[in-house]
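Asks: Go ahead and model the full structure; you've got the sequences and the hints to work with.
Residue numbers (my numbering), protein chains in the order written: chain Y, 6 to 204; chain U, 8 to 164; chain L, 140 to 412; chain W, 1272 to 1386.
Treat the hints as calculated values from the structure; they're not laboratory data.
Small disclaimer: the values here were computed from a predicted structure and weren't measured.
One should not assume that every hint holds.
Unchecked claim - If the Cβ cut is set under 8 Å, some of the chain Y residues that face chain U in the computed set are:
#1 K19
#2 R58
#3 L60
#4 Q99
What the hints assert, rightly or not - Quick list of the computed label-pair ranges, beta carbon to beta carbon:
#5 Q132(Y) to V138(U): 19 to 25 Å
#6 G289(L) to W16(U): 20 to 26 Å
#7 E174(L) to P79(U): 55 to 61 Å
#8 R269(L) to P1275(W): 58 to 64 Å
#9 A386(L) to A86(U): 38 to 44 Å
#10 P42(Y) to A326(L): 44 to 50 Å
#11 T76(Y) to Q347(L): 41 to 47 Å
#12 M1376(W) to S68(U): 42 to 48 Å
#13 E174(L) to W16(U): 35 to 41 Å
#14 Y11(Y) to E174(L): 35 to 41 Å
Stated by the list, open to error - Which chain W residues face chain L? A few, computed with CB under 8 Å, are given here:
#15 K1326
#16 A1330
#17 L1336
#18 S1338
#19 F1341
#20 Q1343
#21 E1345
#22 E1347
#23 A1348
#24 Q1368
#25 M1376
Beta carbons are placed, not taken as given, at the ideal position from N, Cα and C, and that holds for glycine.
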Amino acid sequence: MSLVNYQTREITSKIVYYGPGRSGKTTNLHTIYSQVPDDRKGKMVSLATQTDRTLFFDFLPLDLGSISGFTTRFQLYTVPGQVYYHATRKLVLQGADGVVFVADSQARQLQENIESFQDLHQNLSEQGVEPRGIPLVLQYNKQDLPPDLILTTKELSDAINFRGVPEFPADALHGPGVFETLRGISELVLKRLSAGASR
Amino acid sequence: MIKASVEPWIEAPLQQFVDDAGVVLALLLHPSGQVMGQYGFTRAMDVMSACALAAAIHLSSSELGMQLEGKPFTGLHHAGKDRQVFIAETETRRGPYILLTVFDGESSLGLVRMFFDEFRVNLANAAPVPVPAPHPMLNENFERELNRNLAVLFGRA
Amino acid sequence: MPDVVRLWSDELARDPSSLVFLPLAETLRVRGQLEMARKVALRGIERHPTNADAHDQLARIHADAGAFQQALDEWTTVLRLVPSHVGAIKGMAFVRFQQGDRDEAERLLIAAQDLEVGDAGITAAITAVRRPGASTPASTAQVGQDPEPGTVFSDLLRDDQMAILLDTEGLVLAGTNTGNDGRDVAAAMGAALSGVSDEAHRTTKHLQIGGWRAIVFETESAIVSIAPAPADGRAAGGVLVLSAPPATALGMLRRLLDRCVERAGQWLAGTMS
Amino acid sequence: MSSPFTAILDAFSRQRGVQASLAVSARDGIAIESNLQIGQDGTRVAALAASLYAKARKAATAAGLGSTGFLQLEAEAGRLCMLGGDDVILVVVGDPQANVGLIRMELIRAAEALA
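Replies: Shown next as structure tokens:
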């Protein structure tokens, strides 16, 4: 549910980074946080366990500046990836305007990726959201790992991207692909908002 | 100090609550964590963080209530040394909203609860029948503007 | 005390629809900055054309500036919006009195008294207009100049009793209060105690027990009693504070409070003999 | 089950013109125990009375008058009388005809008993 304030001409949208545990969702936010100047971001809030695994969510408010005369802000959330945080994932997903699915490119994580993607679809459906309607992009993270450990973009695409949504190879830890992913989801969310298809 | 609301009908009940209860901060948010109206914050970014956390606290305490009592807890009070926080849900024909308010020794939990009860009624009465919101007309070049803004944001311009 | 004019001006700049223009215009009026007060009130009316208090505010500014016909026009608008607006009726009475039309002034004051029974200020004003040869005060800002503000309550009080009249911002209008060291502590006491009246107002409003008449509280070193100030003129929204030694009988203190309020009304109306 | 306040509040309720008597948490403004006639809203009385008393205490301290004891708020259609300390405030709601002198004496006696 993007909020549009016509009085002050502001748009605020919620984007959720979703994916299996340790796929790099929080790393995406950290990388964004480290690259954006202070006056364009809020405090990054991380509700994490002692071992730094996301317990509830990470949250980063981001000011994208003026677009078509609207001050545009994005609220970036991550969900906890571990399977047992199912209820929390559902809560964080509520009211999302767009989803970035962060897949772990390691070959041995393929099954977790598929299950998490199915979990996303199920949670959206349970919230009355048509999974095929919501803006979604895929990020294949950890592409910097040795080739023998990871699947290629093509292989991952064949396994997960049956909807044919925009997809981005990435190395979230070092930066490549993070910006492109955010740009991809931003475009889809704003395009949908402009077309009036927002819930 | 920012006093703002996303929709005009929220302003009067929220302002009245702030005036009556004498609270320091007040924030009305959608359960998804989006700010609907606020009083007392100075930075839009702080508002968003507060909303995200308030929504999370509310949702998780609701869930906890479901697990312990079979029904959601509807209000939460946290007493700090100098400041106290009260979070509670209120229903309107536009759907549920959450009020987060922070108060100090100038007010009290009793006053906040009492005026929250009035706020619920005032907000419900003020809420217009939902109509499909007009969508913002982004111009044809919005993608170019977005790309330029993001490039500036990431130091790539 | 912070400069309220600057605070309110900033607030108005941030939120042009704020009702803060009302106290801002009033403060400017009291300070004699009538042109600025008029502009603020007019801008407020543009945004809140059906707000009776905004028109009342503008009327008082006109009256202070001697623009009596414009003041009457504004107060007529107020009464169209809120027929029982006592402030407007009293204001019109003031203007009629200024214009020498004592009969009309008295008629209006009696109408105001019917709406606000027991208002000492109105009673005092009626007495004033009925008095043969009563001089007309030159403006609402100039009433109550005589006697010296510090001595307004002197003849009512014993040496160990003190009374002060405070305006809506807690500033002392009349009376003195001397501390143990002989210094006048009225201003400090006024600033500290005036907030209690806001609390009293809120309490009676939300308990629906009518307007508040008095607060009396006992402290270690004094019994303090507070009553609403007469509702017209500079003291509107302010309070009268009376303090007496701890042993004072509450009933006696209460009656003395009433007499001080009545005296304040006379002083504000410029009718103290 | 009776608390330390039960007998005290009962005694107030027997007085002519008394419509409610409450023991209120001074910090929270929430009623600990109350004795209310029909139509009296204990939640409101507790919140507002505690706030008024707190304000008066602060003002008295700021004005250099020391600690605060009995307080009465007189309104057109009723009156509130109260007395308390850091933890508990005893509040009595009376109609305009209630005998304030008696209520005051009873409040002072009750506060001493609780102390």
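Asks: So, for every hint listed, does it hold in this structure?
Replies: Right, here's what the structure says about each hint:
no., hint, in the structure
1, K19, "holds, 6 Å"
2, R58, "violated, 16 Å"
3, L60, "violated, 10 Å"
4, Q99, "holds, 5 Å"
5, Q132(Y) to V138(U): 19 to 25 Å, "holds, 22 Å"
6, G289(L) to W16(U): 20 to 26 Å, "violated, 51 Å"
7, E174(L) to P79(U): 55 to 61 Å, "holds, 58 Å"
8, R269(L) to P1275(W): 58 to 64 Å, "holds, 60 Å"
9, A386(L) to A86(U): 38 to 44 Å, "holds, 40 Å"
10, P42(Y) to A326(L): 44 to 50 Å, "holds, 49 Å"
11, T76(Y) to Q347(L): 41 to 47 Å, "holds, 44 Å"
12, M1376(W) to S68(U): 42 to 48 Å, "holds, 47 Å"
13, E174(L) to W16(U): 35 to 41 Å, "holds, 37 Å"
14, Y11(Y) to E174(L): 35 to 41 Å, "holds, 36 Å"
15, K1326, "holds, 4 Å"
16, A1330, "holds, 5 Å"
17, L1336, "holds, 4 Å"
18, S1338, "holds, 5 Å"
19, F1341, "holds, 5 Å"
20, Q1343, "holds, 5 Å"
21, E1345, "holds, 4 Å"
22, E1347, "holds, 3 Å"
23, A1348, "holds, 4 Å"
24, Q1368, "violated, 13 Å"
25, M1376, "violated, 11 Å"
In summary, the numbered hints that this structure violates are 2, 3, 6, 24 and 25.
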